[in-house]
Amino acid sequence: MIELSQVVKTYQAGLATPFTAVDRVTLSIPAARLTVFKGPSGSGKTTLLTLIGCMARPTSGRIHLHGLAADALPHLAPAEALEITSLPERFLTAIRRRTFGFIFQQFNLVRGISVLENVLLPTYPTGEDPRAVEARAVARLESLGLARHLRSSVDRLSGGEAQRVAIARALINDPAVIIADEPTAHLDSRLSEDFMGLMSEFKDAGKTLLITSHDPIVYDSELADLVVEMRDGRVVSET
Amino acid sequence: MRPPLQRYRNILDFALSSLLRRKGRNLALISVYTLVVFVIASLVFFVQALKREAHELLAQAPDMVVQRMVAGRHDPVPLAQVEAIRNIRGVDEVQARLWGYYYDPVFGGNLTVLATEDAALAPDAIWIGQGVARSMRVKEGDLIPLRGYDGQSNLFSIQKVLPESSELVSSDLVLMAPKDVRALFHFPEGLATDLAIQAGNPRELPTIAAKIVELYPDSRPILKTEILRTYEAVFDWRGGLMVVVLGSAVLSFIIFAWDKATGLSAEERKEIGVLKSLGWESSDVLLLKFWEGTVISVTAFLTGVLLAYAHVFFFSASLFEHALKGWSVLFPRFRLIPALDGYQLTVLFFLTVLPYTAATLVPSWRAATVDPDAAMRS
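Here the protein sequences come in this chain order: D and P.
Using my numbering, read the first sequence as starting at 1 and increasing by one per residue.
Using my numbering, read the second sequence as starting at 1 and increasing by one per residue.
Keep in mind that the hints were calculated from the coordinates and are not lab data.
Be aware that one or more of the hints could be misleading.
What the hints assert, rightly or not - Some chain P residues close to chain D (C-beta under 8 Å, calculated; not the full set):
{"no.": "1", "residue": "Gln6"}
{"no.": "2", "residue": "Asn10"}
{"no.": "3", "residue": "Ile11"}
{"no.": "4", "residue": "Ala15"}
{"no.": "5", "residue": "Leu16"}
{"no.": "6", "residue": "Arg21"}
{"no.": "7", "residue": "Glu83"}
{"no.": "8", "residue": "Thr116"}
{"no.": "9", "residue": "Asp118"}
{"no.": "10", "residue": "Ser277"}
{"no.": "11", "residue": "Leu278"}
{"no.": "12", "residue": "Gly279"}
{"no.": "13", "residue": "Trp280"}
{"no.": "14", "residue": "Asp371"}
{"no.": "15", "residue": "Pro372"}
{"no.": "16", "residue": "Asp373"}
Stated by the list, open to error - Covered by chain D, according to a simulated footprint, are these stretches of chain P (three or more residues, beta-carbon under 8 Å):
{"no.": "17", "region": "196-202"}
{"no.": "18", "region": "281-290"}
Even glycine gets a Cβ: it sits at the ideal position worked out from N, Cα and C.
Given these sequences and hints, build the entire structure.
As structure tokens, then:
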């Protein structure tokens, strides 16, 4: 479970024009379930996910991971709660690498290198055996129907293919939590349905899924266990 | 515990792949960088090689040369002084030398004419240096006319062209019999141009010099060490002059490299953000940028040094010869003995590689230490 308590994120705090993107959010997100964050642009969905995913620190408030970061910090007991907002950067990075897999709205693939290299990027600093990692990446890409694109440059992929590469990259370190930011924003309806099919598989595999979206295909899906509606940085409803 | 070596290797592989992605930019940078290293390394190698060459050749020079001064100018020395100086304690040998300069109006250069008592020299024959042979387009067996003091031509046959190995000091040399030198220049009998002195113990040379001056107050003794020092000063001065001329080029490179190295493009900043979001630590990003900078600077350094080595030792520094080698219009053409000085290479390495590597790390450090989401939004 991920637990947020009075989380605030203010940009340019202390300057003339501070902006509060997330305002006193208190929330419990269940593990191994799909949670959708919906709301208009600027409502704070993406910022909230960057805070949960250890990509930024909140200005105030606490975020606890319950039983999710055991791989990242081996000295923790699996069920132990971990308060992440006060951890040093080194630990945040370890959690980001092991616990979270990110699927970005713009995919954020590194241009000029191959599909396989993109998928392997998160593994480079781990120093794992390259043959084992590559075998894992190839298997994952094959399962996503990208076997023939392994050595192709990512610049030549269609939108749907690029997103599947981003999914393979998010999964390469076998994270417990997958965070997807507006994943269907650049996909047509059929590809969006395909994406939700993949999410269903990951949910069945026990992954915790956090998705921001204002696409009804996502937030009206039967797969969604919890839909959190946000506006002006605050949670307005949980269904 | 992650295997650190594999981590280094993975990040190095990715650094190489990143460099290839920006081929155009990096090739331009390496080319300019290589050019700068090449020019500076050529200069350093060349000046050092010349100094070493001069040292080796001057090792056979006399320990001391004694000239006579009249009204502050060099004047012929009476041969009567030879015996008197030979009697000074510590002097092994005194040789009266007869030499002078001959201006050839045809190719506009000065020749150094030196008398030799070598028995191998045939009557009315001369030995000439490589530079003289090249400039006059003559070879062994040819006849050349030299204009005497009275305007009359004196014909000499070329018996020998001196070997290339001594060209640094013999390029403009013409060796002939003493009687021919006197006839050519109308040099009076009983006088010599200067005296060459050998001493058994070099530490006694200052004392011998003092005694000579005491004996002949109008004489000027010049020690070999002073000649060596003069050579060093001349080559250092020439080298320094080149450095000043090249200064503007080096400065341009520094501005260029600084601009290229310090200005992270928006794409690079975003890439750093993506890498951090994927679980790269700041130290991983810095290692990546360090490898990129190191590959560029070490490639440029090694290429520049190798090209400079070939330029100086295989092509006789053809780009610099007019600035560094010559006197008059007779440039000696000789092949320097290849040698590398570890100290100088190290200094060159630190002066070229370290500043560039440091310049690449500063902006990367700035980008790598911000939160990944900030880097991605920038």
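Results for each hint:
no., hint, verdict
1, Gln6, "holds (4 Å)"
2, Asn10, "holds (4 Å)"
3, Ile11, "holds (6 Å)"
4, Ala15, "violated (10 Å)"
5, Leu16, "violated (11 Å)"
6, Arg21, "holds (4 Å)"
7, Glu83, "violated (85 Å)"
8, Thr116, "violated (72 Å)"
9, Asp118, "violated (72 Å)"
10, Ser277, "holds (6 Å)"
11, Leu278, "holds (4 Å)"
12, Gly279, "holds (3 Å)"
13, Trp280, "holds (5 Å)"
14, Asp371, "holds (4 Å)"
15, Pro372, "holds (5 Å)"
16, Asp373, "holds (4 Å)"
17, 196-202, "violated (count 0)"
18, 281-290, "holds (count 3)"
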